[in-house]
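Since the structure of chain A is provided, determine the placement of chain B on it from the hints.
Protein chains: 2
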Amino acid sequence: MSGSGNGPDDASSAPGTPPPARRRGRPARAAAEAGPGARERILAAARTEFAERGYDKTSMRRIAKAAEVDSALVHHYFGTKEQVFAAAIELTFAPALTMPDALAGGGADVGERMARFMFGIWENPVSRQPLLAIMRSALTNDTAAAVLRGLIERRMLQRVAGELDVPDPEFRAQLAASHLIGIAMLRYVIKMDPVASADTEEIIAMVAPALQRYLTQS
Amino acid sequence: MSGSGNGPDDASSAPGTPPPARRRGRPARAAAEAGPGARERILAAARTEFAERGYDKTSMRRIAKAAEVDSALVHHYFGTKEQVFAAAIELTFAPALTMPDALAGGGADVGERMARFMFGIWENPVSRQPLLAIMRSALTNDTAAAVLRGLIERRMLQRVAGELDVPDPEFRAQLAASHLIGIAMLRYVIKMDPVASADTEEIIAMVAPALQRYLTQS
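Top to bottom, those sequences are chains A and B.
Numbering follows numbering that gives the first Met the number 0, in which position 104 of the first sequence is assigned residue number 103; successive positions increment by one, without gaps.
Numbering follows numbering that gives the first Met the number 0, in which position 8 of the second sequence is assigned residue number 7; successive positions increment by one, without gaps.
FYI, nobody ran anything at the bench for these hints, they're computed from the structure.
Check each hint, because a few of them may be wrong.
Because identical chains share one entry, a pair is satisfied inside a single copy or across any pair of copies.
With a cut-off of at most 25 angstroms between alpha-carbon atoms, the simulated DMTMM-like pairs for lysine to aspartate or glutamate come out as follows [said to hold, decoys possible]: (1) 56 with 89; (2) 56 with 141; (3) 56 with 111; (4) 190 with 162; (5) 190 with 200; (6) 190 with 169; (7) 56 with 198; (8) 190 with 152.
Only a predicted model underlies this, so the values are computations on that prediction, with no experimental measurement involved.
Okay, chain A solo, but in the shape it has when bound (with noise of 0.2 angstroms):
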C-alpha cells in the first residue's frame, strides 16, 4: 500500500534513525520568500496532513501548499517525507514522551499511575486524534511503522526500563504498554462496548493491578 504520486519523496534510508536533512532545491531564495516561522508553519501543516490523510497521502508537495512554502523549503528543512514524518510525530508524541515520569519511583501505585497517565492522554479529544492518526499511519505502512517504532525505542522504552527494578524491564513495559494500546483500541477505534462507554474510573480500577504486576513483581 504505497502512497502514490509521492516520487522522490518516498527515498529513504534505513527507517528510524533519520540521517541530517538534506540540502538541495532553492534553499536560500525560498527561505527568503517564505518568511520568518516558516519551519514552524510547515511542521504545524505537516502533522494535520498526515493526521488527516495518513502517511501514504501525504506528499511533500501538499504539506509545502498547506504551508504556503516552496516545495524545496520542506526539503531544506526536513530532508525526506520520511522525517518530515519523524518531526510531525515527535510533536504529536510529546505529551506521550512524558510518561517515564509519571512512573518514576515505582511504588504500590505505579500500574494506576501508568494507567492514569493513558487517559489523561486519550480522553482528550485534541490529544487523541493525532495519536489516533499516527496508530493509523503505523498499522498501514512500514515506513510510518518503523518511525514510531525508532521514536518509541529511543525517547521512551529506554527511559521507562530505567526507572522499573524488575528482570527484563523493557519486555515488562511494552506488556504494560500493549495492555493500554488495546484497550485505546477497543475503546476509541473499534468502539465496542462495555469498554467504549465505561467510566475510566471502573477501567482504571480493573487494569491497574495488571499493570502493576508486570511493573513490579518479579
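Only chain B this time, still in chain A's reference frame:
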C-alpha cells in the same frame, strides 16, 4: 478517508446489522453466465481484495473483475459493499470465532488457554495476514469498524461471557481481549523488540496471570 470510485457501492444502511441483500441488475442472466460456484468465487475474491487493499480502496467492480463475474452478480448475492465486507470478514474470522470453546469450563489455566489460542492464530502467517488486514480496515474506516464490532458482538462476545462466572463478564472478557490485541499490534505490526522477537512461551507465561484475573477472580 473514504474510497474513490466506489460510487453507489458505498451507500449503506445502519452498519452492524446488514439488511437482506438487494436484488438488482441482471442477476438471472449473469448467474447463468458465471456458472456454478460463482458465489464462492466472489467471496474468495472479496476476501483477497479487502485483505490486500483495505476497505477504502476495494470496489464492487474490482471484486467482480477478480471473481470474473458481472458486477450485478456481486450485488445480487451480497447487496452492498458493506455486506460483502461483512461476509468476507466472517469467513476470515471463522478461526477466531471458536475462542469461546477454548475458554469453556473456566479453570485455573483459562488465562493461559486464552493466550495460547490467540498465538495459535497469530503465529500462523496464513491466518495472521487476513486478520491484520481486517485490523487495518477497521482502523482506517468507520464502516469497516462497525462491521467488525457487529461480528464480534454477535458471534463471540456473548458466548465468551456465557462461559465466565464473574461479575461483568463482557467487560472482563473485553479487557482480556484488549491485552492480546495490544500484544498483536506491538509484535506483528509495529514489530517492537523485545516483544516482537520474544518466544511465545515467554509472553504466555507473563500474560496468562493477567488474563486469569480478568476471567475468574471477582
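Status of the hints after comparison with the structure:
Within a single copy, residue 56 and residue 89 get their C-alpha atoms as close as 19 angstroms, which meets the 25 angstroms cut-off; across copies the closest is 29 angstroms, which misses it. In the homo-oligomer, the alpha carbons of residue 56 and residue 141 lie at most 25 angstroms apart both inside one protomer (14 angstroms) and across protomers (18 angstroms), since each shortest distance falls under that limit. When the C-alpha separation of residue 56 and residue 111 is checked against a cutoff of 25 angstroms, the pair qualifies neither within a copy, at 38 angstroms, nor between copies, at 41 angstroms. In this assembly of identical chains, the alpha carbons of residue 190 and residue 162 lie at most 25 angstroms apart only when taken from different copies (23 angstroms versus 33 angstroms within one copy).
In the homo-oligomer, the alpha carbons of residue 190 and residue 200 lie at most 25 angstroms apart inside one protomer (18 angstroms), although the nearest pairing across protomers, at 31 angstroms, exceeds that limit. For a Cα distance limit of 25 angstroms, the shortest separation of residue 190 from residue 169 across copies, 14 angstroms, qualifies, whereas the shortest one inside one copy, 29 angstroms, does not. For the identical chains of this complex, residue 56 and residue 198 are neighbours neither inside a copy (36 angstroms) nor across copies (36 angstroms), given an alpha-carbon limit of 25 angstroms. Proximity of residue 190 and residue 152 under a CA criterion of 25 angstroms is satisfied inter-copy only: 11 angstroms between copies versus 28 angstroms inside one chain copy.
Figure legend: structure checked against the earlier numbered hints; hints not met, in rising order: 3, 7.
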